[in-house]
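Make the full structure from the sequences, and use the hints.
All residue numbers for the sequence shown refer to the numbering used here, where the first residue is 1 and numbers rise by one.
In case anyone wonders, no lab produced these hints; they're calculated from the structure.
All residues carry an ideal CB built from backbone N, CA and C; glycine is no exception.
A couple of the hints might just be wrong.
[What the hints assert, rightly or not] Now the in silico label distances, taken between C-beta atoms and shown as ranges:
no.: 1; residue 1: V38; residue 2: I217; range: 36 to 42 Å
no.: 2; residue 1: T41; residue 2: V81; range: 14 to 20 Å
no.: 3; residue 1: L97; residue 2: G49; range: 32 to 38 Å
no.: 4; residue 1: I217; residue 2: V22; range: 47 to 53 Å
no.: 5; residue 1: I165; residue 2: P98; range: 14 to 20 Å
no.: 6; residue 1: V81; residue 2: E56; range: 21 to 27 Å
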Amino acid sequence: MAEEKKKWYQDPDGVTKIAALVLLLVLLLCLHLFAGEVVHTAGRLAVSGNVKALAEYLRSFGHWAILISFFIDVLINAGSVFPSIFLSTANGLIFGLPLGIAVSWLAETTGVVLSFLLMRFFFRNTAEKLIRKANRLQDIDKASEKNGIIWMTFARALPYFPSGILTAVGALSRMSTRDYIIANLIGKFPSTALEVVIGHDVVHFRESMARLTVLVIVVAVVFYIGKKKLFKEK
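Here it is as structure tokens:
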């Protein structure tokens, strides 16, 4: 018996991709028209390294500063090109450490989840071909299928680790979207908290010298040990 051809709504891969792309372009156009200058200025300052200028610019928006900072942080992490450490530092300076950590953590998590969905949704077929051809990617794929949530959680907990690499690994793997979200929510918290606190203490070096020294040592040790365990050779 011949296999019945699926209707477009039963296998909406191509249609859904086109619809999602159109929606994304419409959202970007609306963003450019209604908040283009704010996003451009805040984004430029967020990747420039001028933390004090960024903090002052965000403060100028008053109660809207949290929303704007959150949105810019999401965009930076979704793009997976520029680091968000400068914006995390500014959040700690503007909102204080507890709120600054919360804003940065939730924004970074949202951003890397969006990046994961875009990578997997638009490039999944190509990624699967690469996995079949490359032994190294097959190993990563198998490992992530068995204990991917633990692997990703621990990897995300490493501060200052390139975010785009981990997002690509997750997108290429068989890890479920739910597991990826959980792993990032858990793993991103300690790494983001350390980034915010260290950035805050660097700016206020004289007042926080002792804590900064301890944190830098802790981060160096954790990063070294964690990287060896995550990427050790078989």
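Checklist entry - Between V81 and E56, does the beta-carbon spacing fit 21 to 27 Å? => result Given a distance of about 25 Å, which is inside 21 to 27 Å, the answer is holds.
Checklist entry - Holds or violated: 32 to 38 Å for the Cβ distance of L97 and G49? => result 21 Å Cβ-Cβ, so the 32 to 38 Å window is violated.
Checklist entry - Is the hinted range of 47 to 53 Å satisfied by the C-beta distance from I217 to V22? => result holds, 50 Å
Item to check | Satisfaction of the hinted span 14 to 20 Å by the C-beta atoms belonging to I165 and P98 | outcome: This hint is violated: roughly 29 Å between Cβ atoms.
Next on the checklist: Is 14 to 20 Å respected by the C-beta to C-beta distance linking T41 and V81?
Outcome noted: holds, 18 Å
Next on the checklist: Within 36 to 42 Å: is that where the Cβ-Cβ distance between V38 and I217 falls?
Outcome noted: holds, 39 Å
When the structure is compared with the earlier hints, violations turn up for hints 3, 5 and for no others.
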